[in-house]
Amino acid sequence: MKKSNVLMTKDKNHETKTISFLSSRNVHMCKSLFEKKSNAISKSLTMTEAQEIENTEEEIPEIHDTEDKKVPLVFVPYPEKIVVHFRPVANAPILKQKKFKVGSDKQFFSLVVFLKTQLKQSPQEELVGCSKSKLLTRYILKYHIYCNQAFCPEMDQRIGDLYECFKVSTELILYYSLTPAWG
Amino acid sequence: MITFVFFLPKNLRVKNCFFFVENNLKSNLNNNNNNTLLNNCNNPNGTNPNKFKTVKKKKKKGNKKFIKKKKKMNRSNGDHTKNYSFDLNFALFSSNATNVQTKLDMDFRDRIWNGKVAVLFSLAEHEVVSKKSPAPVLSLLPRMSYLPLVTDHIRNHFIPHAPALQDGMWFECETTHHVLKWHVPIGVLYDICVPLHYSTPWHIIVHFQSYPDRPDVGRCDHIDVVKRTYFNALKQALLLGYNSVNMLVNLKKEDQDQLWSSVVQARYDLYFSIQNLMFDPTKEDQSSKKLLKYPFRIILQGFDRDSLDGVPIQRPVEVPSEKDGRYKTLEQVLKPILPGILEIVESEKTVALAEKSVFIKIQGLNVPLGSQMSWLVKHMCHPDYFLYVVIVKISKK
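Going down the list, the sequences are from chains A and B.
Okay, so the first sequence: first residue is 1 according to the UniProt record's numbering, each after it adds one.
Okay, so the second sequence: first residue is 1 according to the UniProt record's numbering, each after it adds one.
I should point out that these hints are in silico values taken from the structure, not numbers from a laboratory.
Please read all numbers here as calculations on a predicted model, not as lab measurements.
Idealized CB from N, CA, C, for every residue including glycine.
One or more hints might be untrue.
To be verified - 20 Å max Cα-Cα, derived PhoX-like pairs, lysine-lysine: (1) Lys-335(B) / Lys-70(A); (2) Lys-293(B) / Lys-167(A); (3) Lys-106(A) / Lys-116(A); (4) Lys-328(B) / Lys-290(B); (5) Lys-116(A) / Lys-99(A); (6) Lys-70(A) / Lys-393(B); (7) Lys-253(B) / Lys-227(B); (8) Lys-335(B) / Lys-393(B); (9) Lys-99(A) / Lys-167(A).
To be verified - Pulled from the structure, derived: some chain B residues nowhere near chain A, Cβ distances all over 12 Å: (10) Val-128; (11) Ile-274; (12) Asn-366.
Unchecked claim - Across the chosen pairs, the derived CB separations fall in these ranges: (13) Lys-70(A) / Glu-254(B): 51 to 57 Å; (14) Ile-344(B) / Lys-81(A): 29 to 35 Å; (15) Gln-97(A) / Leu-291(B): 34 to 40 Å; (16) Lys-252(B) / Asn-91(A): 28 to 34 Å; (17) Val-89(A) / Gln-332(B): 35 to 41 Å; (18) Pro-180(A) / Glu-355(B): 50 to 56 Å; (19) Pro-180(A) / Leu-196(B): 38 to 44 Å.
Just chain A, with the same shape it has in the complex (with noise of 0.2 Å):
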């Protein structure tokens, strides 16, 4: 790695530029290829032999492709994780840590959920005698979750569809309060 990197502020040029395009394990490959060649040819790759791999190495995913070609029922637009950012209204507890990771497959109900574990009032301590997801049920009502400091959205809907109509940049941000906020 050493080595590559040395090559690569050795020469400015706009050849090494395609070079530095290249992930980690394209660099190694350029390596190798760099140490079978003569020392006769010139120490840094020439623009032909980089396009070489760069081909190379697009042919490989190609192949992958076909193989699970099948059409998907659902086109899912929004990535595997997204960013969610709480933030509370009025005199609702503080979190400690703002923004999470959170599967978009996920429905909301789940995020309410796991913002009451985060908030750490235990229900046990309110209820005594019922199954647990009966108190989460319960509990659930409790909470007002608003998004875009305009509506609670409804507990079956996915986060990534939330996502994808609400976001602000690249997060969605929800408001949590414990008294009704907006409407």
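Position chain B relative to chain A; hints supplied.
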């Protein structure tokens, strides 16, 4: 035990049957009113026998007229299905024209909004406490309403037969055994559960015990919970569609209350008057004038995967600018979101309706893919401003 037997023509849909019943009831009511008016006007004293005779004659005439009217009504009702389908075809045809259709088809919208669903309610067998099991209740529920708003009489009917210790009323579909989500409009639930057999009423089982332990269903202890969720859904649709909720927030409180009461009472003339207030063209606020994104939700059913079925899909799809007369069709909207499903639909294009496996439904109607999206949003959306597109796959044995 009393059993009700309804003979319905096979080719008539339940919805149309209701039109039939409703119109007859209306004509009856009108006629009764006329008769009472006649009596009041012509027979103030009731002393003159001649006068009395004339009144009787008039009454008879009135009855004859009424019979004629009724015949006419029946005829017109017989043609109703034809008219209905014709209207739909015509409207969708015209929406295929190159020009963007902006005029609102009031008649079509009213018919859509007044659609009703025949439902047969019965109490779950294992929850019957009394010696005789209670008679099932048949009732017509408006498509645009929500289950907790229209089931008070059902609760009152079944509660004497149910155990004393109760855990909230909830509903289950008899054929598919789905727990019915109360925050989804009744029409959408009907389309999900009853994709094909229109001729029989939708059978729902009423439960009073063991409320489902599902956090995505949520509890509905009070009507205020429904109100809150309704307004939240409305705001979400407005924020998605117009990028602003000002038109709703800036309404007077009385108007907001009236909007809610119009939803509760299923009085949609009232609803439309408030809607006109919200989207008043003379208002200074420009945000309420232009639809930016289509507010719609897709609900899939029968695709054999728990992660897909029943969970609404909601994606931002931008409205093309109307300047060049461009518009998006339903196909153009659905294809990027559901590439796999649209492939199945296209492969079945030439197949007869009865043999298809995938149905795309809005408000219970099989909508052609070429129909204009903004037209659909305007005419066929629900009170929460979302257009619910239900896609049902039927597995064939």
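Against the structure, the hints:
no.	hint	verdict
1	Lys-335(B) / Lys-70(A)	holds, 15 Å
2	Lys-293(B) / Lys-167(A)	holds, 15 Å
3	Lys-106(A) / Lys-116(A)	holds, 16 Å
4	Lys-328(B) / Lys-290(B)	holds, 16 Å
5	Lys-116(A) / Lys-99(A)	holds, 15 Å
6	Lys-70(A) / Lys-393(B)	holds, 19 Å
7	Lys-253(B) / Lys-227(B)	holds, 14 Å
8	Lys-335(B) / Lys-393(B)	holds, 17 Å
9	Lys-99(A) / Lys-167(A)	holds, 14 Å
10	Val-128	holds, 24 Å
11	Ile-274	holds, 16 Å
12	Asn-366	holds, 20 Å
13	Lys-70(A) / Glu-254(B): 51 to 57 Å	holds, 55 Å
14	Ile-344(B) / Lys-81(A): 29 to 35 Å	holds, 30 Å
15	Gln-97(A) / Leu-291(B): 34 to 40 Å	holds, 39 Å
16	Lys-252(B) / Asn-91(A): 28 to 34 Å	holds, 30 Å
17	Val-89(A) / Gln-332(B): 35 to 41 Å	holds, 40 Å
18	Pro-180(A) / Glu-355(B): 50 to 56 Å	holds, 51 Å
19	Pro-180(A) / Leu-196(B): 38 to 44 Å	holds, 42 Å
Every hint from the earlier list agrees with this structure, and none is contradicted.
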